[in-house]
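Residue numbers (my numbering), protein chains in the order written: chain Z, 1 to 193; chain P, 1 to 193.
Treat the hints loosely; a few may be bogus.
Derived contacts from chain Z toward chain P, CB cut-off under 10 Å, selection only [to be verified]:
hint, residue
1, Val19
2, Lys21
3, Gly24
4, His28
5, Asp31
6, Gly60
7, Ala65
8, Lys80
9, Met87
10, Ser98
11, Phe113
In short, the hints are calculated from the structure, not lab data.
Computed from a predicted model, the values in this text were never measured in an experiment.
The beta carbon of each residue, even a glycine, is placed where N, CA and C say it ideally should be.
There are 2 protein chains.
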Amino acid sequence: MNFLEERILRDGTVRPGGVLKVDGFLNHLVDVGLVNRIGAEFKKRFAGVEITKILTVESGGIAVAVIVANCFNVPVLYAKKTRAVNMDDDVLTADAYSYTHQTECRLFVSKRFIVPEDKVLIIDDFLANGEASLALASMVESAGAEVAGIGIVIEKGMQKGGGLIKKAGYRLESLAIIDGMDPETGEIRFREQ
Amino acid sequence: MNFLEERILRDGTVRPGGVLKVDGFLNHLVDVGLVNRIGAEFKKRFAGVEITKILTVESGGIAVAVIVANCFNVPVLYAKKTRAVNMDDDVLTADAYSYTHQTECRLFVSKRFIVPEDKVLIIDDFLANGEASLALASMVESAGAEVAGIGIVIEKGMQKGGGLIKKAGYRLESLAIIDGMDPETGEIRFREQ
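Sequences are here, hints too, so could you generate the full structure?
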């Protein structure tokens, strides 16, 4: 069991409906020490892969992606879910369903921030049905750039995202993969990696 | 002129309506090297101040706040603007007007993540009318904790936020204060600090 799985067992809670709450260390209150270990682990897993930019989506992914970018010493870009008054006119867009908010949403990235020379590592806190990651990947490719890989902190192995990403040909690294959760007992089962 | 003011002059753009675009290095594409210097500068300015937690608001503030938390070696908490299905029932709330999105919004923080012993440093990317910072401060105090200070990357000195924060008795550190912008010439005037 790795450091992240241990932390999920200790401080995560299972809720009905396939919800895993990790808001005490990952996506509301953020334990930056833990996130540094997550960043170092991605750096190790993607060692030797050329990466020029980290891409994530607001706002759950930002904390992890910023620390990962710090580890890789590259800039981080985050896709927005609303179009602010000060956003460029020339944007890349893609649609994704948010599992957490249970709504369809459109993602925006300013076109000038992904260039054809970019090798982009996509980072997100959760992977469920893969909609956000695949939407980010489609934006990278529509800019003529390359997806260097997809790094996920917690993958819900019972859902289809992991399969869809691999089927699309992307390299996927998930630091913890959950194969089962029981809201009654609180049990969490991880996939052996 | 400090490193941040130099960067704003080089890569920021002035738009009509008092809008300063810094999306090429601060709040869309994020230059993590620059943000590390911002974190180090806050660490210097708040040297000797006891700080147990960083608080910010999604999503513009998260990138800077995570790096600041890394510099101070404390956790970072970010207030949410929507209430996700997996959020605690027991929350602190406050209302703020978003200058960027030009809408009123409600901020949420899970009550259990601010304890009376906390000394909280509030961090945000922009300060305009002060609504977000003051809303965060009110949540800290309603939890019985203490606001250790407010750290802002870019303060719009023409607007009332800085004055309101100081009048309320909070220590404010803004790394760049803009006293005037001209969308026609692109000129940006900084306040001498």
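Each hint, compared with the structure:
no.	hint	in the structure
1	Val19	holds, 5 Å
2	Lys21	holds, 5 Å
3	Gly24	holds, 7 Å
4	His28	holds, 6 Å
5	Asp31	holds, 6 Å
6	Gly60	holds, 9 Å
7	Ala65	holds, 8 Å
8	Lys80	holds, 7 Å
9	Met87	holds, 7 Å
10	Ser98	holds, 9 Å
11	Phe113	holds, 4 Å
Going through the hint list in order, the structure satisfies each hint without exception.
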